[in-house]
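Participant: With this note's numbering applied, the sequence shown corresponds to residues 420 to 528, in that order.
Rather than coming from a laboratory, the hints here were simulated on the basis of the structure.
A portion of the hints provided could be inaccurate.
Said to hold, decoys possible - Below are the DSS-like pairs computed for lysine-lysine, each with C-alpha atoms no more than 25 angstroms apart in a straight line:
#1 K523 / K491
#2 K522 / K476
#3 K522 / K499
#4 K514 / K491
#5 K476 / K517
#6 K514 / K499
#7 K491 / K476
#8 K522 / K491
#9 K476 / K514
#10 K499 / K523
#11 K491 / K517
#12 K499 / K476
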Amino acid sequence: MQIEEGLSITEKSGTRIGEFVLHQNYPNPFNPETVIEYQLPRAADVEISIFNLQGQKMTTLVQEYRSAGSHKIIWDGTDKYSQQVASGVYLYQLKIGKFMQVKKMMLLR
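Whenever a hint applies, use it, and build me the whole structure from the sequences.
Facilitator: Have a look at this one:
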């Protein structure tokens with residue numbers, strides 16, 4: 420997946436063995452919570468954050484060292500202050516060193 424200037428997002432099809440992978444959340448759209456899964460080919464420092472379409476970080480779900488393998492985290496639709504966010508489209512980002520992948524999800528209240 421590549422992020423171009425602005426909010427343009429293009430996805431590369433197919434993934435190779437040994438790559439970090441961020442899966443599409445489910446359910447999507449969601450209410451009140453959604454599951455975000457990702458895979459690590461090796462142990463790494465992982466950060467998963469949620470952003471609104473204005474680029475404001477709503478919350479960070481994961482910011483720690485994780486072992487290789489499949490992982491999942493549940494987002495309950497709240498921000499870093501535990502306040503419910505509004506209905507709408509949000510971006511979730513997996514960041515590992517210089518690697519970054521972003522996907523969209525929709526919250527319907």
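Participant: Hint by hint, say whether it matches the structure.
Facilitator: Hint check:
1. For the given pair, K523 sits about 16 angstroms from K491 by alpha-carbon distance, which is consistent with the 25 angstroms threshold.
2. Distance restraint check for K522 and K476: the Cα-Cα separation of roughly 14 angstroms lies within the 25 angstroms cut-off, and the hinted pair is therefore satisfied.
3. Distance check on the hinted pair: K522 and K499 sit about 20 angstroms apart at the alpha-carbon level, within 25 angstroms; holds.
4. About 15 angstroms separates the Cα atoms of K514 and K491, which keeps this hinted pair within 25 angstroms; it holds.
5. Taking the CA atoms of K476 and K517, the gap is about 19 angstroms. The hint holds against a cut of 25 angstroms.
6. Of the pairs offered as hints, the one joining K514 and K499 holds, with about 18 angstroms between alpha carbons and a cut-off of 25 angstroms not exceeded.
7. The hinted pair formed by K491 and K476 meets the criterion: a straight-line CA distance of about 20 angstroms does not exceed 25 angstroms.
8. Simply put, K522 and K491 have alpha-carbon atoms about 15 angstroms apart, close enough for the 25 angstroms limit, and the pair holds.
9. With a CA separation close to 13 angstroms, the supplied pair K476 and K514 stays within the 25 angstroms bound.
10. Proposed proximity of K499 and K523 is supported: the alpha carbons are some 19 angstroms apart, at most 25 angstroms.
11. Our distance criterion of 25 angstroms between C-alpha atoms is met by K491 and K517, whose separation comes to about 21 angstroms.
12. Annotation: proposed proximity of K499 to K476 holds, straight-line Cα distance about 9 angstroms (limit 25 angstroms).
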